[in-house]
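Number of protein chains: 2
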Amino acid sequence: MELALEDARAAAERGEVPVGAVVTDAAGVVLARAGNLVEAGQDPAAHAEMLALRAAARGRGRKYLADCVLTVTLEPCPMCAQAASLYRVKRVVFGAYDPKGGGVEHGARVFAAASCHHAPEVVGGVREAECAALLRAFFAARR
Amino acid sequence: MELALEDARAAAERGEVPVGAVVTDAAGVVLARAGNLVEAGQDPAAHAEMLALRAAARGRGRKYLADCVLTVTLEPCPMCAQAASLYRVKRVVFGAYDPKGGGVEHGARVFAAASCHHAPEVVGGVREAECAALLRAFFAARR
Numbered sequence: 001m002e003l004a005l006e007d008a009r010a011a012a013e014r015g016e017v018p019v020g021a022v023v024t025d026a027a028g029v030v031l032a033r034a035g036n037l038v039e040a041g042q043d044p045a046a047h048a049e050m051l052a053l054r055a056a057a058r059g060r061g062r063k064y065l066a067d068c069v070l071t072v073t074l075e076p077c078p079m080c081a082q083a084a085s086l087y088r089v090k091r092v093v094f095g096a097y098d099p100k101g102g103g104v105e106h107g108a109r110v111f112a113a114a115s116c117h118h119a120p121e122v123v124g125g126v127r128e129a130e131c132a133a134l135l136r137a138f139f140a141a142r143r
Numbered sequence: 001m002e003l004a005l006e007d008a009r010a011a012a013e014r015g016e017v018p019v020g021a022v023v024t025d026a027a028g029v030v031l032a033r034a035g036n037l038v039e040a041g042q043d044p045a046a047h048a049e050m051l052a053l054r055a056a057a058r059g060r061g062r063k064y065l066a067d068c069v070l071t072v073t074l075e076p077c078p079m080c081a082q083a084a085s086l087y088r089v090k091r092v093v094f095g096a097y098d099p100k101g102g103g104v105e106h107g108a109r110v111f112a113a114a115s116c117h118h119a120p121e122v123v124g125g126v127r128e129a130e131c132a133a134l135l136r137a138f139f140a141a142r143r
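The listed protein sequences derive, respectively, from chains A and B.
Start counting the first sequence at 1; every next residue gets the next number (the UniProt record's numbering).
Start counting the second sequence at 1; every next residue gets the next number (the UniProt record's numbering).
Just so you know, these hints were derived from the structure itself, not from any lab.
You may find that some hints are simply not true.
For chains that are exact copies, the list does not tell them apart, and a pair is met inside one copy or across any two.
[Claimed, not checked] SDA-like cross-link-like pairs, simulated, lysine to any residue; straight-line CA separation at most 25 Å: (1) K90 to F138; (2) K63 to A27; (3) K63 to V122; (4) K63 to R9; (5) K63 to R127; (6) K63 to E128; (7) K100 to G28; (8) K90 to D43; (9) K100 to A27; (10) K63 to A46; (11) K100 to V29; (12) K90 to G15; (13) K63 to E13; (14) K100 to D25.
Everything numeric in this text was worked out from a predicted model, so none of it was measured.
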């Protein structure tokens, strides 16, 4: 989560919503990390999780990340949650809960749908205070 | 939908699950079209919808597709449904319903969540029989 927080802080400095994501393998080796690139790429789907998942799979030349952990500073939205399922990620670890946009513990609750083919294990609230503080500071500064 | 069906057929010929997607603007001009590239890219997130949405936004140099229609041969999964919401697509038109993997009328029902910030209009079942027949033929041939 420390690396994900670094990527989130770097995202904030670029004017992006501060979210960072890291994909690690079973040995804890970092396969990919990314911060939000929505503004830089003018791409609303360029969430940190999507970028990190894609880069991790590409880097390995394998479609699935079944032994991997996706660590992200904010509860994934439904798009990113479903992507974690499609890449067959073993575990999703996230920091701040997101009642407004989250799709794991809130909203569409993607992994809880009976039709979800692969539901990763979920650990939420890791270093929650720091992750949430980054987001609060970012939005407070923009107001 | 004819163009989306063409892309779906082309996908099947490449050994991809036959799904095609087209993004059109308010005047009906095609901004982008794509077929599934999951196998070719070894990327489980390379669904036709994601590719077409990204290409449409990039081609215009604009983040949102608020005047646009996403037409796709199969009910979008939760990832693609949320992406359509994030790109603020005006309308989603799809062909075959997908009780097993869909995230619009089935499963996570992404647009129905109270926290969904932008729910496109939805028209399902357009040329459903043709869209579904393509998928059935593809999977029957693989068994």
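Verification of the hints:
no., hint, result
1, K90 to F138, "neither (31 Å within a copy, 29 Å between copies)"
2, K63 to A27, "within (19 Å within a copy, 38 Å between copies)"
3, K63 to V122, "within (21 Å within a copy, 31 Å between copies)"
4, K63 to R9, "between (29 Å within a copy, 23 Å between copies)"
5, K63 to R127, "neither (30 Å within a copy, 31 Å between copies)"
6, K63 to E128, "neither (30 Å within a copy, 30 Å between copies)"
7, K100 to G28, "neither (31 Å within a copy, 33 Å between copies)"
8, K90 to D43, "between (27 Å within a copy, 17 Å between copies)"
9, K100 to A27, "neither (34 Å within a copy, 33 Å between copies)"
10, K63 to A46, "both (19 Å within a copy, 11 Å between copies)"
11, K100 to V29, "neither (32 Å within a copy, 34 Å between copies)"
12, K90 to G15, "neither (31 Å within a copy, 27 Å between copies)"
13, K63 to E13, "between (32 Å within a copy, 20 Å between copies)"
14, K100 to D25, "neither (30 Å within a copy, 29 Å between copies)"
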